[in-house]
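Student: Chain residues, written in single-letter form:
Number of protein chains: 2
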Amino acid sequence: MTLNKKLKIALAQIDIIAGRPDLNTKKIISAIENAKKEGDELIVFSEMAVPGYLLGDEWESNSYVKDCFAYNEDIKCATQGIVAIWGNVDIDSSKRNEDGRIRKYNAAFVAQNGEYVGKSPIHKTLLPKYREFDDARHFYSLRKEAEENGTKTEKLIEPVEVQINGECRKLGVILCEDMWSDDYSVNPIEILLSKNAELLVNLSCSPWTWRKNNKRHSVVRSRIEKHPAYFIYANNVGIQNNGKNIFLYDGNSSIYNPDGTLLKVATDYKEEIIRTTLFDEETRSIPNLKVSDARDREELYAALIYGIRRFFENLPNKKVVLGLSGGIDSALSAALLAQALGPENVYAINMPSQYNSKTTKDIAQGLAQNLGIHYASISIQNSYENTIKEIEATEFVQLDGSNTKTELIFSALNRENIQSRDRGSRILAGVASILNAVFVNNGNKTETALGYATLYGDVNGALAPIADLYKQEVYELARFINRKKELIPKAIFMIPASAELSENHNVDEGKGDPILYPYHDKLVRAFVEFRLDPEDILRYYKNGELSQICKCEKDLIDSYFPTAACFIADLEHKWRIYKINYFKRIQAPPIIAVSKRAFGFDLRESQNGFHFTREYLKLKEEILGQ
Amino acid sequence: MTLNKKLKIALAQIDIIAGRPDLNTKKIISAIENAKKEGDELIVFSEMAVPGYLLGDEWESNSYVKDCFAYNEDIKCATQGIVAIWGNVDIDSSKRNEDGRIRKYNAAFVAQNGEYVGKSPIHKTLLPKYREFDDARHFYSLRKEAEENGTKTEKLIEPVEVQINGECRKLGVILCEDMWSDDYSVNPIEILLSKNAELLVNLSCSPWTWRKNNKRHSVVRSRIEKHPAYFIYANNVGIQNNGKNIFLYDGNSSIYNPDGTLLKVATDYKEEIIRTTLFDEETRSIPNLKVSDARDREELYAALIYGIRRFFENLPNKKVVLGLSGGIDSALSAALLAQALGPENVYAINMPSQYNSKTTKDIAQGLAQNLGIHYASISIQNSYENTIKEIEATEFVQLDGSNTKTELIFSALNRENIQSRDRGSRILAGVASILNAVFVNNGNKTETALGYATLYGDVNGALAPIADLYKQEVYELARFINRKKELIPKAIFMIPASAELSENHNVDEGKGDPILYPYHDKLVRAFVEFRLDPEDILRYYKNGELSQICKCEKDLIDSYFPTAACFIADLEHKWRIYKINYFKRIQAPPIIAVSKRAFGFDLRESQNGFHFTREYLKLKEEILGQ
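The listed protein sequences derive, respectively, from chains H and Z.
First residue of the first sequence: 1, per the UniProt record's numbering; consecutive thereafter.
First residue of the second sequence: 1, per the UniProt record's numbering; consecutive thereafter.
Honestly, I wouldn't trust all of these hints.
Straight-line C-alpha distance at most 27 angstroms; calculated DSS-like pairs for lysine-lysine [as the list claims (entries may be wrong)]: (1) H/K485 with H/K358; (2) H/K620 with Z/K66; (3) Z/K152 with H/K195; (4) H/K319 with Z/K405.
Just a few of them, taken from the derived set where beta-carbon distance is under 10 angstroms, the chain Z residues facing chain H [said to hold, decoys possible]: (5) K27; (6) I29; (7) S63; (8) E148; (9) H374; (10) G512; (11) I549; (12) C552.
Note that these hints are calculated values from the structure, not bench results.
All values reported here derive from a predicted model rather than from experimental measurement.
Every residue gets a Cβ at the ideal spot worked out from N, C-alpha and C, and that includes glycine.
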């Protein structure tokens, strides 16, 4: 690398509100003004900083995209004496997208002294279309432009040349996925570096997931290993959603040295402008952050608190109602809500029927006391009995002349579900409506996967804050919270997880859910996150690799399932209920996504029942025939 | 066109079950055997005939796609003495998709005498990614293969050459979207015809929507206008879903003459093999079907009946429960269900509170009688009063030492919603559980859009059969049904549409919903299907074009809104509630999609509130300033 003059840069980590270009632009311009005052020569913003990123099919609104595009003028005008790079939608009304609508690009705009610079805007080359990403649905890529023009993509990828302080700087400007090119036939960074980019600028809108930041650090290092160059990663903070999933943007905007070490990192979840001087021997790297397991839990806790707090900021008020059963899920939920919104905004209701133990009722009240939240108890026993009486007193008559009569008698399982619906749809919804509040869903990921919840009962809620955590993770996070201060009563860790909907769920007798959480948590994760199905699971089991793949002790699996036949029966049962209970997930509330795959728009499902492959059936025969 | 020897072809329109390659393959092989017996020389199946098409992210399951792929062997082996073309997933384990998973293509396989022919499999060139389509999410396109190999797409598109009866036939095999190329930079049909394809074969998996078949006829005609060629369009029947939407496959598989006229068409919604002889002067065209408005309604009726019937075939039993209010929505729902499932499977419940009129109760019972369905009446008055009493008797106490108390008093609106939830979550869910049945949602599209429904109340249901029909369409379809036989009591058309949840909804006093359906139906359609937003609407209004664009009489709009200020106030209110009430749609049941845009996976939304563009605000100022 040649010795260049110093370059003073600012990296603006802004809280982007999807759907509010007016507010976002205001923040961008104010950050530019601030940078000018500080004497910065270059300021960088995140991807889609004007429109926001997760808009659903609002991208099809011509008025909206034109509105967003028009804000470019305002930003451009603010760039007297500074170079600014920001993400926005680029439009070309003379051409069409492949959906027949106005042509749109996910773009980076570069302006200086009130004028666009070089080849600005730069169009995104690689459009992600996995998980929650729908880029290819809405935007035209640089690759398609190349195809359309009969040229090669690499010819269209070029550094932006800009004069700063008498020096011609070559900026390699890319957008988010452009740096995650391992699975693509085009590598934008390599192309830019081969064309002598001396500074890479990545505009991202990248949600937080566990250990993603560590992964990014190593990707950056590998990308600039052969051609050292400074690397700026600009990400936003805030939350964005596509209905079924709420994604958390931690920012973690970073400036890397040409050797891949970190020069500067913005504070997670905070609006912040970080600044430094590049091409300066004085600047030093900070040690690379390795995320330990302990930090994982803290990060997860911070993520959930942030997600809850921000979700409620969009609501008429911050008040929240929740059911408090005395079980671990609602306990964790309550603790998170109290922390995120303040105990004065949390209204917890214990709703016992004849099946709820004194043990759990006491836990619920003790927890409410520890948290200092509002508490009430409403018995559902009267309504429960009344529902049974009223409906069982009813007869259908077929009005076809035959007058055929149909009696209505509840089964034991039906009676369980009455209680859950009474709580979710009568009490919680009723109380929330009075307080002009919303109520939350306390379900965890394992239950959500296996359908161990009642539709219009505990499936209800405006938000599912912990539905992306497996049951064991719920316990772990509860223990993590208690490490600071024992908020969640100890007794909760002693009793079995139980729905308490019948005599078969008596916690005092050690009875609980029909789920072996230490194993089924892992099995569900294998289905949902590793995308394995029974054929894979059974093959691993047969080869003795299952415990390793699932990270579940072999002894545990063997103790649960002493024979292969037992193991297989359970596997088939769980696969069946996982697939079939999708009908409940269709009607389930938004989930805060924190894992590598959350139910919802992140994991798109069809209501197709279940199927076993021929290879699975062969394997099963081999095993059971042995 | 040169004179060729005759070619005997069969077009197999099969009922494809998504997720069941075993059953689908069985049907394919049996159709091939049948064709061999009949002396056919070529048989064609639809796109993704083995795996099904709408699988959600089940496409990520390696076991599943390998299982489907393996069935190709079985089909190939069945092609002794015949050429077969079928749709299936093609996989290449040595390469990766852009999501890092195993490489997958949406492909057509061509085999003869137990061997693949020519360049088989053929990979789909154009991958749709609008509406419900997610092809680009799962499959690698021929365009990307070209990019990867440094060549041009047109070089990779070639006819399949196959020897039949001593003749070398050039078949132009394409998949679905490949024929809908107007908005793409590649035109596969043009390329194939320029390379002398003499017969075009399009494998599709294309759901029914209004007038789509007419549109297809004209597209086929335009594609082969310059280079005449036979055109075979193979589509499947059945239903497929992606959770939030259920799509109906009408088949309508067609064989076109080289001049674009129809030679043969399969019966809608029926499994059928149609056969004919091509390159034969004897064969004649049938007159092109122009769909009249009258037929539209019949088609819509047939589509809904088919959708309902097939949906219930996947459930444990065909029984269905529904609320029967005496209003038009539930009346239409009941009539459709009785027709689709048989009256003996329909259980209707009238659930009056103090606010329900004798008028509507009588209509409900009369309707049940006309349909010959099971009927019961359960009053919710007692439970409604009890809920108010129980909750209002409750006090929250803040357990923070302050013992702050919070009283709970229901407002008038809250009281309305209690009734709805009592019906949906207590009665209907309870009764359905006893009958091991499901209950349906009776909402229409206008209500769904504007959020005029109660979550956990009338938003509930396992299926929303009429939620893709605007209110006026509900009336129209009810009248259409009555034309054959007066099943729906006349009185229903005389009373206002009303929720009957308070004294303000008294139908006998002519009071009803706060929605001006004749106009708001059209406004909602403009938002949802035309993808217009307030800026567009207001511009059309200002220019006097709104009535034409919305197909709504100008006098009607002017009579509802005597001043521009009234019009604007209503527009803003409706936009606001349309956007904000998405929170209810997130938790709403699957909708049978029959329009050009259905709520759900077809129209992807984010919970971002509402926004008015700067152009809108300017327009508003101009208008109100005048």
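Student: Hint by hint, which ones does the structure fall short of?
Tutor: 5, 6, 10, 11 and 12
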